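Colleague: Next come the chains, spelled out residue by residue.
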Amino acid sequence: MTLETAPPRVLYAHPASLTDRASHYCPGCGHGIVHRLIAELIDELDLGERAIGVASVGCSVFIYDYLDIDFVEAPHGRAPAVATGVRRLRPDAFVFTYQGDGDLAAIGTAEIVHAAARGERIAIVFVNNGVYGMTGGQMAPTSLLGQRTTSTPAGRDPTLAGYPIPITEMLALVPGVSYAARGSVADPATIGRTKGYLRRAFEAQLRGEGLSIVEILSTCPVGWGMTAPEAMEHLARVVVETYPTGVIVDRRQPHPPQEA
Amino acid sequence: MTLETAPPRVLYAHPASLTDRASHYCPGCGHGIVHRLIAELIDELDLGERAIGVASVGCSVFIYDYLDIDFVEAPHGRAPAVATGVRRLRPDAFVFTYQGDGDLAAIGTAEIVHAAARGERIAIVFVNNGVYGMTGGQMAPTSLLGQRTTSTPAGRDPTLAGYPIPITEMLALVPGVSYAARGSVADPATIGRTKGYLRRAFEAQLRGEGLSIVEILSTCPVGWGMTAPEAMEHLARVVVETYPTGVIVDRRQPHPPQEA
Amino acid sequence: MEQGVILAGFGGQGLLFAGHVLARAALAEGRAVSWMPSYGPEMRGGTASCTVIVADRPIGSPIVDRAAAAVVLTPPALARFEPMLVPGGLLVVNETLIEALPTRTDIEVLGLPCTALAREAGDDRLVSVVALGGLLARRPIVERASVRDALAELLGPSRFEVLAADLAALDAGIERGLVGGLASPAAVPAK
Amino acid sequence: MEQGVILAGFGGQGLLFAGHVLARAALAEGRAVSWMPSYGPEMRGGTASCTVIVADRPIGSPIVDRAAAAVVLTPPALARFEPMLVPGGLLVVNETLIEALPTRTDIEVLGLPCTALAREAGDDRLVSVVALGGLLARRPIVERASVRDALAELLGPSRFEVLAADLAALDAGIERGLVGGLASPAAVPAK
Amino acid sequence: MTTLSRSGRPAAAAPPTLMKGNDAMAEAAIQAGCDAYFGYPITPQAELLEWMARRMPELGRVFVQAESELGAINMALGAAATGARVLVSSSSPGISLMAEGMSYLAGSELPLVLVNVMRGGPGLGSIGPAQSDYFQATKGHGHGDYRVPVLAPASIAEAADLVAEAFTLAERYRTPVIVLVDGVIGQAMEPIVPDWRHPARVPGGWELTGAAGRPARVVRSLHLRPEDLEAHNDHLQAKFATIAEREMRWAAESLDDAEVAIVAYGTAARVARTAIERARDDGVRVGLFRPISLWPFPSRELATRVRRLRAVVVVELSAGQMVEDVRLAVAGDVPVFFHGRTGGVVPTPGEVVEAVRRAWALTAPVDADEPDPVQLVYG
Amino acid sequence: MTTLSRSGRPAAAAPPTLMKGNDAMAEAAIQAGCDAYFGYPITPQAELLEWMARRMPELGRVFVQAESELGAINMALGAAATGARVLVSSSSPGISLMAEGMSYLAGSELPLVLVNVMRGGPGLGSIGPAQSDYFQATKGHGHGDYRVPVLAPASIAEAADLVAEAFTLAERYRTPVIVLVDGVIGQAMEPIVPDWRHPARVPGGWELTGAAGRPARVVRSLHLRPEDLEAHNDHLQAKFATIAEREMRWAAESLDDAEVAIVAYGTAARVARTAIERARDDGVRVGLFRPISLWPFPSRELATRVRRLRAVVVVELSAGQMVEDVRLAVAGDVPVFFHGRTGGVVPTPGEVVEAVRRAWALTAPVDADEPDPVQLVYG
Amino acid sequence: MAFLPVRIAAERCKGCRLCVTICPKDVLELDESVVNALGYHPVRLTDATACTSCALCARVCPEAGFAVFARPKAA
Amino acid sequence: MAFLPVRIAAERCKGCRLCVTICPKDVLELDESVVNALGYHPVRLTDATACTSCALCARVCPEAGFAVFARPKAA
Ligand SMILES: Cc1ncc(C[n+]2csc(CCOP(=O)(O)OP(=O)(O)O)c2C)c(N)n1
Ligand SMILES: Cc1ncc(C[n+]2csc(CCOP(=O)(O)OP(=O)(O)O)c2C)c(N)n1
Ligand code: SF4
Ligand code: SF4
Ligand code: SF4
Ligand code: SF4
Ligand code: SF4
Ligand code: SF4
Ligand SMILES: [Mg+2]
Ligand SMILES: [Mg+2]
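Chains as they are written, first to last, in the working numbering: chain A, 1 to 260; chain B, 1 to 260; chain C, 1 to 191; chain D, 1 to 191; chain E, 1 to 379; chain F, 1 to 379; chain G, 1 to 75; chain H, 1 to 75.
Wrong hints could be hidden among the right ones.
Listed below are several chain F residues computed to face chain A (Cβ distance under 8 Å; list not exhaustive) [claimed, not checked]:
1) Gly33
2) Leu77
3) Ala79
4) Glu100
5) Leu208
6) Leu222
7) Arg225
8) Glu253
9) Leu255
10) Val334
Output of the computed footprint for chain B on chain A, the stretches with three or more beta carbons under 8 Å from beta carbons of chain B [claimed, not checked]:
11) 106–112
12) 138–147
Keep in mind that the hints were calculated from the coordinates and are not lab data.
Keep in mind it's a predicted model, so treat the numbers as computed, not measured.
Built from N, CA and C at the ideal position, the CB exists for glycine as well.
Please model the entire structure based on the sequences and the hints provided.
Modeller: This is the structure we're talking about:
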């Protein structure tokens with residue numbers, strides 16, 4: 001397409017570390033937004049050449065097709081253990097995991113809790129969409145009470161299926177965790193704030209602090225049986241009731257002004 | 001031996017549900033004390049005919065040789081999952097697990113966290129002696145900072161081996177947990193208080209409340225390289241610094257007077 | 001006699017449903033049937049397909065390497081499944097989304113603007129039912145009545161309008177299938 | 001020539017250590033050796049034992065079904081290992097803890113108050129070293145000097161007193177082994 | 001997932017209805033009196049879990065979506081210890097996580113039915129249909145000396161029957177039983193006549209109920225003294241020998257006049273059937289030996305039926321696993337060929353016909369008089 | 001645990017020193033350049049972990065006591081993905097928990113050395129020495145079509161050598177390698193001459209370092225399209241074929257004049273040696289074939305050496321697992337007998353001699369002229 | 001007119017409508033006349049002049065489908 | 001004298017000394033002259049009259065080795 005002779009100033013451009021191949025995600029899936037935020041930060045913090053990502057098992061397993069950095073694929077739930085191995089052998093790398101709520105908060109509970117207890121110098125991007133997206137929208141430990149899923153057709157009943165698990169709050173109790181926050185992809189403003197949480201989490205690691213985690217409330221339009229805009233609405237109005245956003249713990253050491 | 005003709009009043013007798021076979025425990029091991037407390041409560045609450053215990057893997061695996069009730073032996077760390085299976089199929093039974101700190105707080109983290117999240121109607125007796133006793137005194141997730149163990153010969157260094165994990169406090173965050181407390185076997189008074197915690201935990205289940213857990217700080221004289229009395233001293237003075245005793249959460253519903 | 005039918009296109013085009021309808025109709029007529037979907041995340045966003053086999057005796061492989069007929073709703077589907085047809089087999093092509101022409105000359109090709117017809121019938125996602133109609137017009141594997149009953153059964157009693165729309169789509173497909181379309185590639189102006 | 005030696009009793013009686021001393025001494029004398037402990041929780045509280053094999057050529061099974069000599073410090077150990085001795089084998093019995101007598105008449109039995117002697121030497125836990133001394137008095141598998149060096153090496157340079165106590169215990173065992181004890185069950189008043 | 005398999009209609013209404021394999025196995029378990037289901041979602045098995053999620057609560061029975069496959073198999077261990085009829089299902093990677101649990105169940109002699117809807121491996125692999133967990137199911141899954149009966153249906157109707165049968169075996173022998181299917185059988189729909197089986201319960205006497213009016217019971221796999229554990233193992237081995245003797249299952253098709261036998265199970269056997277028809281149309285006399293119990297493997301029956309044939313062609317959705325048991329069975333008496341596809345690819349009937357031809361050609365009898373059928377075909 | 005194995009003295013000082021098997025394997029790994037160790041305590045392997053806990057930090061290398069065996073094997077996966085030399089050790093139940101991880105490592109083609117100090121099973125079983133994880137190690141551990149080289153030392157010195165050798169194989173073929181020993185080899189002490197091996201590193205080019213000045217790399221086992229996964233599997237199978245061709249290891253002892261061959265590995269082979277001496281003293285000519293690589297199993301070599309003998313007696317600390325591979329290898333050419341003990345019981349030389357006698361008697365040649373050695377012995 | 005404040009990767013667009021919903025100027029819509037290679041109706045800019053280059057569309061697009069440019073002073 | 005305020009299961013005692021340490025009256029000690037079947041010197045009551053039947057020993061004993069009786073008024 002032809003543009004003005006004087007090329008106009010770019011207000012938003014495709015992040016360099018984000019490949020431009022079409023994603024495999026369903027229309028309106030929140031994963032794409034989170035991928036983009038990570039790519040922006042990798043560019044802004046110039047991490048492209050030292051980043052090693054750990055992909056988990058979930059719809060986001062293909063993240064390595066979209067982020068142009070080294071990746072290792074972990075078995076379902078084991079990303080924090082895999083990241084521990086990478087971290088210990090590559091002290092200078094920037095190491096992060098990208099995990100869904102089924103992956104981190106269900107099968108991977110022991111691995112995330114103990115990576116936190118060890119204070120591993122890794123960042124955790126925890127995308128909570130309240131269902132098992134990849135396998136067809138079954139209940140996740142994070143599903144809301146009453147939520148209808150393919151494995152709770154009558155809605156999640158706590159007497160049978162238990163309560164939504166505040167895993168990030170639980171992790172925040174461990175001294176090894178330097179930073180924990182909960183964001184969301186519900187709207188541009190929140191997305192901006194969430195990017196701020198991610199930046200602080202990434203920077204914590206770069207300064208040698210212990211495990212940092214950002215839980216990001218996201219959508220699964222298909223799993224929720226909603227259109228993408230409906231899902232964003234639901235996220236903004238309903239989901240945050242159970243999962244309040246904001247900084248949960250911040251144990252980072254005070255830092256030089258240029259950081260503030 | 002011969003006694004007065006008028007048989008003297010019994011102030012303390014061997015609990016009926018406790019077999020009188022010699023234990024396999026090392027001299028002065030705290031497990032024996034906790035076994036006795038459980039036996040006393042089984043007698044006092046008349047649970048002998050409805051109790052189903054779940055033994056875990058650790059020095060206490062042989063608990064079924066000492067408590068005269070039905071038992072199933074769980075794989076290492078999986079006792080809460082096994083107890084879930086028993087509980088769901090035996091609604092009228094009294095179901096409890098007996099787990100060490102390596103069993104519950106390390107390999108079994110996911111199982112205990114999710115039994116709690118589901119609010120399973122089970123009681124957890126969690127014996128924290130700060131080491132892996134059975135395998136030779138290696139570090140447990142609960143070992144104190146600086147503690148010398150066979151796997152931290154130079155003392156537990158948080159930068160390499162992480163921090164002691166406040167697992168009971170973490171579990172207390174989950175709505176499914178009706179009661180959580182931490183006791184100790186350090187001295188007769190504390191042992192008495194600890195029995196009180198256990199009673200409330202057991203009664204919570206009998207009234208249909210969610211998961212109840214009592215963490216009991218205990219000793220491993222052999223693993224600690226101390227005499228039994230030294231170990232009790234260490235427990236009372238040092239260990240409690242990291243693990244304060246007391247009720248951590250109490251979500252039990254108010255109850256009829258006779259309970260109070 | 002055993003007929004393998006492949007329906008292929010995008011996820012969300014109702015292909016698995018249409019295949020299921022065909023299978024139920026055949027079952028109701030006392031035939032041996034099997035239905036095999038493509039499954040898992042590949043269905044999400046990406047391609048989707050299913051294979052329906054209708055036969056007069058027990059069915060061996062539920063997966064065919066020789067199809068008697070195929071419905072292709074998208075270009076990738078055309079590329080992938082055209083080669084699987086037996087000589088003389090029927091290929092139903094969704095002209096709304098496929099410009100490229102089939103290359104084989106030993107098969108019968110029926111071109112239908114399935115998506116367009118579906119939209120007329122009220123919903124893009126009826127595209128597969130339209131194509132099924134076209135297919136049945138050329139290969140009366142089952143009676144229209146059986147298809148109608150299968151639709152009614154699968155949609156359930158409460159959903160009249162949906163059933164009406166589906167039947168409209170089906171008939172549109174049958175109608176156009178009987179008259180329109182390319183008799184054979186020969187009849188197509190070579191590009 | 002291959003000699004299998006079993007040392008058995010309670011945990012905490014220093015049996016594995018004494019076996020290790022014997023093995024090191026033999027190694028220093030250029031013999032082939034192997035040392036196999038009983039292991040795991042059974043050592044805790046309960047019984048403990050180890051098997052030392054000393055030979056002039058590569059050792060096959062590190063576990064023996066025919067022992068040339070055995071040290072038994074407790075009644076269960078006596079019951080379990082007496083049958084494993086070869087005819088003419090040596091059985092060292094800790095008379096302090098064992099009242100029952102060996103039943104076999106085709107073996108050589110040395111009775112020693114090992115625990116008592118150990119206490120004299122300064123520590124109950126030297127009981128195994130005493131017994132080792134007794135065994136070496138009757139079966140000079142290795143030189144006393146080699147045993148002394150092995151003890152010194154295993155205890156490390158810094159622990160003089162301990163070494164002294166161990167040597168005292170060893171010599172007490174050797175001394176009593178040369179003179180005292182039952183020549184054979186025959187010599188014992190039948191109960 | 002289809003409308004039918006989601007519909008509330010009780011699937012037990014005759015006449016033949018179309019059911020997805022996963023749904024049929026789930027309903028078969030329910031009809032067989034399954035008291036409890038524990039599982040964790042995984043493709044291509046998820047529909048089985050979802051069916052149970054809907055039906056079990058309706059019936060007041062136990063359904064728990066576990067936090068993981070480890071959780072599921074151990075919840076199942078606890079439930080089984082109470083004498084309940086328990087079903088667990090998963091797919092390859094999830095089954096791997098159950099290795100320790102299965103070893104405990106076998107060691108504790110607890111009945112359980114485990115359905116593995118196999119997908120392509122190793123690792124995360126693909127979600128396509130596969131038969132590459134044969135070794136795992138029949139030999140080396142967990143640690144220690146134990147075996148587990150493994151049943152392999154070749155149709156959805158048979159899958160339903162064998163799930164019910166599995167409960168019977170599990171209780172009769174106090175052992176876990178694996179129903180081993182591939183993604184095709186899990187995902188496909190076929191007609192099934194809902195004449196569900198309701199196996200009778202085998203009286204227990206060992207299950208945990210609370211020690212009321214009887215001595216306390218312990219369900220355990222620990223026997224610390226080696227002599228005790230060996231005695232326990234001898235008991236288990238005797239049981240396995242009985243199972244091996246009594247519970248072999250297989251089907252032989254058109255073997256009477258056959259010169260070549262295809263040995264295949266599950267979907268591979270279905271493909272083989274089509275291939276056999278085609279080959280026979282071409283004048284190549286092929287038959288099928290289909291093991292239904294993979295352990296115990298029907299070695300004797302296989303050997304007696306194929307020993308005198310010209311060749312055996314083993315077809316698997318794997319790189320070659322069952323073929324080892326076939327070789328063990330025929331002990332060199334007849335040449336054994338193999339054709340397999342992996343990673344989720346299903347061999348086509350055409351390929352299998354080719355494989356048979358190759359085997360036939362390579363085993364051409366030296367006797368020149370006998371017309372070579374390969375010649376006949378190509379001539 | 002002994003004073004020596006805990007002493008700070010670098011074990012690398014000649015002359016021959018007495019070392020516990022677990023300690024020797026740990027030090028051998030360190031001397032072989034092991035960069036990282038991940039493990040979880042379990043008897044009878046704990047001393048290996050403890051040795052690493054002391055030595056690795058001293059050397060500024062990586063030691064992590066994981067929260068579980070799942071944690072350990074997956075930390076190892078991450079470490080291996082960086083191209084590091086990684087050791088993991090455990091015992092039977094813990095190894096079962098690594099089934100999924102091993103399948104991932106194999107599928108991702110990551111080098112790793114895993115030591116399994118086997119104990120009695122199934123389930124919690126006992127802690128006594130056993131060889132009942134042979135099937136698991138050589139065949140069915142994880143899901144999917146993969147094989148893993150398995151090395152089985154019969155002495156502590158050989159254990160140390162094979163740990164070093166395992167690193168070489170792991171890197172040469174980008175595969176996990178299992179060193180399979182029983183509790184005896186883990187717990188016993190034997191002299192070992194500390195001439196440690198320092199295998200050269202095999203250049204990588206695939207490991208993760210951060211994508212500096214090169215395209216990004218992905219270490220993965222997922223290949224969603226079946227065609228892709230099949231291609232990957234074909235590549236793996238070709239690799240396995242190469243390994244099977246090149247990496248068979250075995251030892252033959254006094255087979256030249258033997259009439260009966262004992263086939264045994266690890267501690268069973270040690271017991272067999274003593275039994276062979278005794279038998280030969282009695283005039284029974286027995287030899288030993290000792291597989292050192294259990295996969296690839298030295299079938300060819302075994303077959304050529306024993307095919308013409310009177311009988312083969314397989315001895316295992318199991319209910320009979322390797323015996324299947326022996327039968328596969330000899331394909332019916334020679335009668336195969338089995339003697340095994342389970343649960344932590346080690347067969348005695350006396351028993352093995354008896355088993356040999358029985359085999360001999362049962363295979364007495366019809367030819368009456370030849371004196372029957374059994375007669376000779378008892379006559 | 002020639003200046004385009006937003007460039008849209010129509011081939012990647014999945015027609016999720018998140019941008020359409022968020023656009024304060026209501027100048028984005030799905031182009032029903034087109035089906036892209038992924039099978040979706042991609043978004044198109046209906047009125048370049050009305051677009052304020054606020055880039056909200058870019059922030060919400062899961063496919064990172066937008067490039068946004070400042071309107072040149074010139075224009 | 002005949003009344004024994006505490007009965008000790010000496011065959012189960014492991015000589016851990018917890019009771020010895022806790023006893024306020026200091027009337028418990030290990031009997032070095034005896035080694036029980038478990039290989040330990042068991043505890044014995046040195047002075048029945050001094051014992052107050054406080055049962056602290058019973059509360060700390062890991063082997064549940066104590067039975068404690070009230071001193072009869074009679075005595
Ligand atoms: C061991 C194992 N169990 C189960 C699965 C199947 N599985 C794939 S993704 C997934 C969960 C996905 O949920 P989540 O982590 O929330 O990610 P999402 O797809 O929702 O983004 C499961 C259970 C697997 N691949 N491996
Ligand atoms: C899967 C598995 N891993 C490891 C072991 C070995 N093991 C037995 S007990 C135990 C831990 C014991 O520690 P803890 O739970 O604290 O109990 P304690 O002995 O200290 O009372 C371990 C690791 C095992 N039996 N199974
Ligand atoms: S299933 Fe849900 S999470 Fe997965 S891609 Fe689709 S919308 Fe996203
Ligand atoms: S090792 Fe420790 S925990 Fe185990 S029995 Fe001995 S003292 Fe008790
Ligand atoms: S930049 Fe703003 S105004 Fe322009 S299209 Fe995007 S959202 Fe609408
Ligand atoms: S947000 Fe992105 S994907 Fe969704 S409609 Fe707009 S441009 Fe298309
Ligand atoms: S009852 Fe009290 S006084 Fe008597 S022995 Fe026990 S602790 Fe001592
Ligand atoms: S506390 Fe019990 S075990 Fe310990 S010394 Fe006293 S009586 Fe013996
Ligand atoms: Mg999710
Ligand atoms: Mg502990």
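Colleague: For each hint, tell me whether it holds in the structure or not.
Modeller: Against the structure, the hints:
Interface hint at F/Gly33: violated, since its Cβ lies 13 Å from the closest Cβ of chain A, which is beyond the 8 Å cut-off. Restraint check, F/Leu77 versus chain A: the minimum CB separation of about 5 Å is within 8 Å; hint holds. Hint status for F/Ala79 relative to chain A: holds, with the closest Cβ pair at about 4 Å, below 8 Å. Taking 8 Å as the C-beta cut-off, the interface hint given for F/Glu100 holds, the closest approach to chain A being about 6 Å.
Annotation: interface hint on F/Leu208 holds; nearest CB of chain A at approximately 4 Å, less than 8 Å. For F/Leu222, the interface hint holds, since its Cβ comes within 8 Å of a Cβ in chain A; the closest pair sits about 6 Å apart. Because the beta carbon of F/Arg225 sits about 12 Å from the nearest beta carbon in chain A, more than 8 Å, this interface hint is broken. Proximity of F/Glu253 to chain A is violated relative to the hint, the smallest CB-CB distance being about 41 Å (cut-off 8 Å).
With a least beta-carbon distance of about 45 Å to chain A, the hint placing F/Leu255 at the interface is violated under the 8 Å criterion. Interface restraint check: F/Val334 against chain A, minimum CB-CB distance 44 Å, threshold 8 Å, status violated. Counting residues of the segment 106–112 of chain A whose C-beta sits closer than 8 Å to any C-beta of chain B gives 5, which meets the bar of three, so the coverage hint holds. Check result for the segment 138–147 of chain A against chain B: violated, 1 residues qualifying (beta carbon to beta carbon below 8 Å, three or more required).
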